[in-house]
Amino acid sequence: MQPIRLTLLCLAACLAACAAPTAPTVVSAPRPPAPARPSVPPPAEVVATPQAPSVYFSPGDAEVPPAAAPLLDQMAEELRADRLRRLVLRAHTDHLGSKEYCLALSEKWASLVEAALVRRGVRGTQILIRARGRELAPACDSEACRSSWRRVELVLQP
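Read in order, the letters of the sequence shown correspond to residues 1 to 158 in our numbering.
Simulated from the structure, these hints should not be mistaken for laboratory data. One or more of the hints may lead you astray.
As the list claims (entries may be wrong) - For each label pair, taking beta carbons as the anchor points, the in silico distance ranges come out as:
| # | residue 1 | residue 2 | range |
| --- | --- | --- | --- |
| 1 | A62 | G124 | 27 to 35 Å |
| 2 | A144 | R80 | 29 to 37 Å |
| 3 | R120 | Q157 | 23 to 31 Å |
| 4 | D141 | R85 | 35 to 43 Å |
| 5 | A62 | E135 | 28 to 36 Å |
| 6 | R119 | A139 | 34 to 42 Å |
| 7 | E143 | R86 | 19 to 27 Å |
| 8 | D141 | R86 | 22 to 30 Å |
| 9 | L84 | D61 | 17 to 25 Å |
| 10 | L71 | G97 | 39 to 47 Å |
| 11 | S142 | D82 | 18 to 26 Å |
Using N, Cα and C, we set each Cβ at its ideal position, and we do this for glycine too.
Model the full assembly from the supplied sequences, consistent with the hints where possible.
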């Protein structure tokens, strides 16, 4: 009986040791203060500089501006010459108005440009509309900045 008692006593000691482990205490050194950030002036107002030729709109426009006629004529000529080419109309607005309003407005402007191209003999199947609304537009403080975002870019695909 003695070996059983000794075994039980060892087992009880092992269980007691497992039940209340003593974890080592980790003491870390205090963090040094974050380095002071240098004073950076606010960025200059962002004005869109589109790479693709664009048709610019005013806030209340419901027609393609007459100034866009030469660009539309040129694009129509290129698309009629190669019926396999595609044109992507990427439409943007400024940041004024709700997200839904700006998206609808950019779709409207892209549709106006599409209709003007179709009237010039371009097949509708060659044109894709990508309305972006105010998705990319920064919060501009000046009319010059806002007007640079109210546009439909005409991106010819190879």
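Checked hints:
1. Take A62 and G124: their Cβ atoms lie about 20 Å apart, and the range 27 to 35 Å is violated.
2. With their beta carbons about 35 Å apart, A144 and R80 fall inside the hinted range of 29 to 37 Å.
3. Checking the proposed 23 to 31 Å range against R120 and Q157 shows it is violated: the Cβ atoms sit about 18 Å from each other.
4. Between D141 and R85 the CB atoms are about 39 Å apart, so this pair conforms to the stated range of 35 to 43 Å.
5. Roughly 22 Å separates the CB atoms of A62 and E135, a value that falls outside the hinted 28 to 36 Å.
6. In this structure the hint that R119 and A139 lie 34 to 42 Å apart at CB holds, the actual value being about 36 Å.
7. Between E143 and R86 the beta carbons are some 34 Å apart, a value that contradicts the proposed interval 19 to 27 Å.
8. A hinted range of 22 to 30 Å is violated for the C-beta pair D141 and R86, which are about 37 Å apart.
9. With their beta carbons about 32 Å apart, L84 and D61 fall outside the hinted range of 17 to 25 Å.
10. Take L71 and G97: their Cβ atoms lie about 26 Å apart, and the range 39 to 47 Å is violated.
11. Here the CB-CB span from S142 to D82 is close to 40 Å, at odds with the stated 18 to 26 Å.
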